[in-house]
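Undergrad: Sequence:
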Amino acid sequence: MTQRQTRLLFLALGFLMLGVTAFIALTALEDNLVYFKSPTDIAESASTPVGKIRIGGLVAEDSLTKIGLENRFVVTDLQNRIDVSFEGVLPDLFREGQGVVAEGQFKTANIFVADTVLAKHDENYMPREVADALKETGVWQGSTSSGSQE
Numbered sequence: 000m001t002q003r004q005t006r007l008l009f010l011a012l013g014f015l016m017l018g019v020t021a022f023i024a025l026t027a028l029e030d031n032l033v034y035f036k037s038p039t040d041i042a043e044s045a046s047t048p049v050g051k052i053r054i055g056g057l058v059a060e061d062s063l064t065k066i067g068l069e070n071r072f073v074v075t076d077l078q079n080r081i082d083v084s085f086e087g088v089l090p091d092l093f094r095e096g097q098g099v100v101a102e103g104q105f106k107t108a109n110i111f112v113a114d115t116v117l118a119k120h121d122e123n124y125m126p127r128e129v130a131d132a133l134k135e136t137g138v139w140q141g142s143t144s145s146g147s148q149e
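If you use numbering that gives the first Met the number 0, the sequence shown corresponds to residues 0 to 149, in order.
Only pairs whose alpha carbons sit at most 27 Å apart, straight line, appear in this in silico DSSO-like list of lysine-lysine:
| # | residue 1 | residue 2 |
| --- | --- | --- |
| 1 | K106 | K51 |
| 2 | K51 | K36 |
| 3 | K134 | K119 |
Each pair of labels, with its calculated beta carbon distance range:
| # | residue 1 | residue 2 | range |
| --- | --- | --- | --- |
| 4 | I110 | L28 | 26 to 34 Å |
| 5 | Q78 | I110 | 14 to 22 Å |
| 6 | T26 | Q78 | 35 to 43 Å |
| 7 | F9 | Q97 | 58 to 66 Å |
| 8 | A42 | R71 | 16 to 24 Å |
| 9 | S44 | I66 | 23 to 31 Å |
No lab work stands behind these hints: they were computed from the structure.
Bear in mind that the values here come from a model prediction, so they are computed numbers and not experimental data.
Just so it is clear, CB atoms sit at the ideal spot from N, CA and C, and this is done for glycine as well.
Just need the whole structure built from these sequences, with the hints factored in.
TA: Below, the structure written as structure tokens:
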């Protein structure tokens, strides 16, 4: 092999290794992506989302029921509702009528099983995704800012 052929071979192998590394990294990142959906987004989609997602909105009034460690409540954007089941201790700031983001997956078409529940941390803050979803559906009643820091 000439020196030029050797150099081209090493370049080709380098690009191949770089491509394989990029493919593996992107595949690993894709497995960890969790998409945010509002109750209206889910209601308007043709099928129930598969895999892990985040849903956000407000906890519907008079929807919280506790049976042992299982907590059932409804997340709404004031247009559509999703029944949520969460096993564990809810955050101290979890309240009906307040903003919430739940991460998990649909067990059936009607029940969202949450692994994690996040509640707002003071009366001025609402998760950006929740505020944006409420603004998009036209039911936002807060100030024009979502309250999050940039």
